[in-house]
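There are 2 protein chains.
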Amino acid sequence: MGIHDEFSFIKAITPKEKRREDVIVSIGDDAAIFRTEKNSDTIACTDTMVEDIHFKQETMEPFHIGFKALAANISDVAAMGGIPQYYLVSIAIPEKWSEESLMEIYKGMEHLAEKYNMDLIGGDTVSTFGPLVLNVTVIGSVENDRGIKRSSAKPGDVVFITGNIGDSAAGLHILLNEKANKNQLSPLVLKHQMPLPNVQAGQLLVKQDRVSLNDISDGAASEAIEIAEASHVDIILYKSQLPFSNDILTFGFDRALNWGLFGGEDYELIGTISQNSWEKVMAEFAKIKIKITKVGEVVEGSGKVFLQSEKRREQLLKQGYNHFGTR
Amino acid sequence: MGIHDEFSFIKAITPKEKRREDVIVSIGDDAAIFRTEKNSDTIACTDTMVEDIHFKQETMEPFHIGFKALAANISDVAAMGGIPQYYLVSIAIPEKWSEESLMEIYKGMEHLAEKYNMDLIGGDTVSTFGPLVLNVTVIGSVENDRGIKRSSAKPGDVVFITGNIGDSAAGLHILLNEKANKNQLSPLVLKHQMPLPNVQAGQLLVKQDRVSLNDISDGAASEAIEIAEASHVDIILYKSQLPFSNDILTFGFDRALNWGLFGGEDYELIGTISQNSWEKVMAEFAKIKIKITKVGEVVEGSGKVFLQSEKRREQLLKQGYNHFGTR
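As given, the protein sequences belong to chains A and B, one line each in that order. Residues 1 to 327 (full-length UniProt numbering) are what the first sequence spells out, left to right. Residues 1 to 327 (full-length UniProt numbering) are what the second sequence spells out, left to right.
Bear in mind the hints are in silico, worked out from the structure with no lab data behind them. Don't take every hint at face value.
Pulled a few chain A residues facing chain B out of the computed Cβ check, cut under 10 Å [as the list claims (entries may be wrong)]: (1) Glu21; (2) Ile33; (3) Arg35; (4) Thr36; (5) Ala78; (6) Glu110; (7) Gly122; (8) Ile139; (9) Leu176; (10) Lys179; (11) Phe262.
Straight-line Cα separation of at most 30 Å, DSS-like style, residue types lysine-lysine; simulated pairs [as the list claims (entries may be wrong)]: (12) A/Lys154 - B/Lys11; (13) A/Lys18 - B/Lys38; (14) B/Lys96 - A/Lys96; (15) B/Lys289 - A/Lys11; (16) A/Lys280 - A/Lys115; (17) B/Lys11 - A/Lys318.
Glycine included, each C-beta is placed from N, C-alpha and C at the ideal position.
Working from the sequences, and respecting the hints, build out all of it.
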């Protein structure tokens, strides 16, 4: 088991051809070189997934692990309004992983990279005595000074969410607790194992006047709090307006709500936009057939988020988020 | 032990101010954004260090671990003739590491980043049940179409090495075997724990006509083989001309030779340049007081490297290099 020859493994994972003309030097030298377009800023982000912390082999095939690691980074680029272009992969490999499984991780990434016309331009392959650690760095671009920050929300803005929330956590629940249904490829399981980042939505939003935006990697509550804190406002989410799939609602509204607010890994987008722009944005999303829902409003405040139901307003706190708090 | 609060830790490692005007969005949003200069290509590389594989706490203080992880990446940028500008750090943290030790890792990086006017613009902080895994990605720039590849060597070229080789491996030997001398801060130990990448030498070489270049991370033999293979030539290294420090020679020539050719982690530069340019380059290096030594010549061939002594010529093979070969 494990990799027997580092060189042949690296050769096997090295792309045979490049997709992007702007790649000047790819894998095989000390570093990669590429050329940024004029009038574009460059975006960079990185994300690490650790075996038995971020994923378990019981619930994620190696293909899914690669797919999701790249998806998480593409989602970060989407949340800046950017276009993903290149990626670098560092992997620390334990002896117990087979070369076939490792190749599947790269295939999962490649599958997504093809969809977004991205090139694998670098990385590092090392061994470890611990669990598998997969680190992906994505580099992308956005038009000069158009990058979407979290800090642009203003009182009076509409709060919106793309797609549905909670499906990924519901999918994980099925994988862990309903082994009989595990192989049925429920849309919820699919959303957990192969979440599609929302680059197209980000592209549409980046053209608007003033938008704040986060991708939902840690649950809608946590992401809304980040926007509220960065923008020095409060956010009110309407309990009855949160977008759920029919699939998740078969588990009942309360569980859907909990998964949506605190589950995470949906890789949808949550953001704010002025009332004036909202009607236009809704129409544009309808045209490209991407679901977008008004879920709340921005009010004056100091970084708090509230869930508003018919009868009461409760403050939402960050939950299930601090990697180190539960130890 | 371990990190008790991810948010306060991230706050503690987040730079209070940025050094570079071209950083538009730094840590604290989904991704970082920066602006590349006109007429510049962008360089990206990444490197991962795993506890008990790439370093042991017996021989490397946390400060050194951070310093060296960043140095290894800066060295890759130097070997492309580039200027390092930004870095991202992903770290998988086991419970047994204290927050103080982790802060020291970041201080070690910061120490080097200050020297090179680099900004920490992103990263990821996760927990792990295994050893500490430190991944650093560096982004830099090089003048359009000037990036130095490995593949430019031609028969007749001079082969050169900057600084001395083998010191890092000798330093590790001292740390592992001569515990009595361990605290004497020998220059060899210093070279192992805090190797300085050679950006200035890369800057001088990138202005020359036709250069091939590698940084010495895996031993001079292995790096020479990479140049020979990429350039489809053979390289002959003169045994008597290899540059060694007086410190390493106290261990005898044979050990120095072995450490220099196969030890690695010196982060000096090895490369080739035409005979015509060599005299000029020597003079320019003398002016800025950086040691550079002619160590061999490029001949027609097919990717082989030979060590030439008075009486014989022996082929050098890659050694101590394949992370997975010895398991």
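Please work out if A/Lys154 and B/Lys11 have their alpha carbons no farther apart than 30 Å.
With a Cα-Cα distance of about 25 Å, the restraint between A/Lys154 and B/Lys11 holds, given a limit of 30 Å.
Subject >> A/Ile139 as chain B interface residue, shortest Cβ-Cβ below 10 Å >> reply: Hint holds; A/Ile139 Cβ to chain B Cβ min 6 Å, cut 10 Å.
Interface hint for A/Thr36, Cβ within 10 Å of any Cβ on chain B: This interface hint holds because 4 Å falls under the 10 Å limit.
Is the interface hint satisfied for A/Arg35? The criterion is a beta-carbon contact with chain B at less than 10 Å.
Status holds, d = 5 Å.
Against the 30 Å threshold, does the CA-CA distance of B/Lys96 and A/Lys96 hold or violate the hint? holds, 23 Å
- prompt: Is the hinted pair B/Lys289 and A/Lys11 satisfied, with a Cα-Cα distance of at most 30 Å?
  reply: Distance ~40 Å between B/Lys289 and A/Lys11 Cα, so the pair is violated.
Interface hint check: A/Leu176, Cβ to nearest Cβ on chain B, cutoff 10 Å. Holds or violated? violated, 19 Å
So, as I understand it, the hint says A/Phe262 touches chain B; can you test that by seeing if any CB pair is closer than 10 Å? Constraint on A/Phe262 not satisfied, violated at 16 Å.
| said: Against the 30 Å threshold, does the CA-CA distance of A/Lys280 and A/Lys115 hold or violate the hint? | reply: holds, 28 Å
(Q) A closest beta-carbon separation below 10 Å is what the hint needs, so does A/Glu21 meet it against chain B? (A) At 13 Å from the nearest chain B Cβ, A/Glu21 fails the 10 Å test, so the hint is violated.
So, as I understand it, the hint says A/Ala78 touches chain B; can you test that by seeing if any CB pair is closer than 10 Å?
holds, 8 Å
Going straight from one Cα to the other, do A/Lys18 and B/Lys38 come out at no more than 30 Å?
At roughly 24 Å apart (the allowed maximum being 30 Å), B/Lys38 and A/Lys18 satisfy the hint.
Comparing the model with each earlier hint shows violations of hints 1, 6, 9, 10, 11 and 15; every other hint is respected.
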